[in-house]
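Position one of the sequence shown corresponds to residue 1 (our numbering), numbered consecutively onward.
If you are wondering where the hints come from, they were derived from the structure by calculation, not from laboratory data.
The calculated lysine to aspartate or glutamate pairs, modelled on DMTMM-like cross-linking and capped at a C-alpha distance of 20 Å, are:
#1 LYS29 x GLU227
#2 LYS133 x ASP198
#3 LYS133 x GLU171
#4 LYS126 x GLU114
#5 LYS133 x GLU145
#6 LYS150 x GLU109
#7 LYS126 x GLU171
#8 LYS150 x GLU114
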Amino acid sequence: MSEFQEQETDTAVIDCRQVTRTYTEGPEKLTIFSDISLRVQPGETVAIVGSSGAGKTTLLNLLGGLDRPSTGHITICGQDIHRLSEAGRARFRSRNLGFVYQFHHLLPEFSALENVMMPCVLAGIKLSNARQKAESLLIRVGLGERLEHKPSELSGGERQRVAIARAMVNEPQCVLMDERTGNLDEQTGEGIRALIEDLRGQSGIAFVMVTHDRVMARSMGRVLRLEQGRLLQEA
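With the hints as constraints, model all of the structure from the sequences given.
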């Protein structure tokens, strides 16, 4: 019997209920946030904003099953991911979630195409199929002429597009983005915003993004602020 639960069509992509995350440093207990609840529906776009050190990346890691809450429950696509073995969690994440990290983490010795192919290869997909999927996505994100370029040969915006394509190549239910798009010029930032909306519209993938860029945040369907350990809905 598979350890994965079947996903129901009306199941939230992410369902986070009364989650608290604390760390112990010597005799002191540090509470990053407490009693946080959040539901993300298929195809929804959510921005999480807040000051540096508020715990935004910690929350994103919890939502992606990369960290475990101190209390509360998080289900991803109907599955309590922490009921799975470590190997099971890794397989589940690769099947259902995509990640775009703050510094992209592209492999410098590989081309854009090879970087996007990597999750497929690790998932055991046939090499020719992996190449076809990666090439198709890179064309969709406007990099059809840059397939063989290595990360050092790409601009910041182009590297970001490669990272987004890599996050989507296994057709996840949700892409989690720890982005600092405020570091990009206005034209590139607008391109990324348009790209996310286009991909969401075409694929129905949900996007949850941590960002300092207020323009980027306002382009998302919902904006949440993490402040003093609480997650608040912005007007």
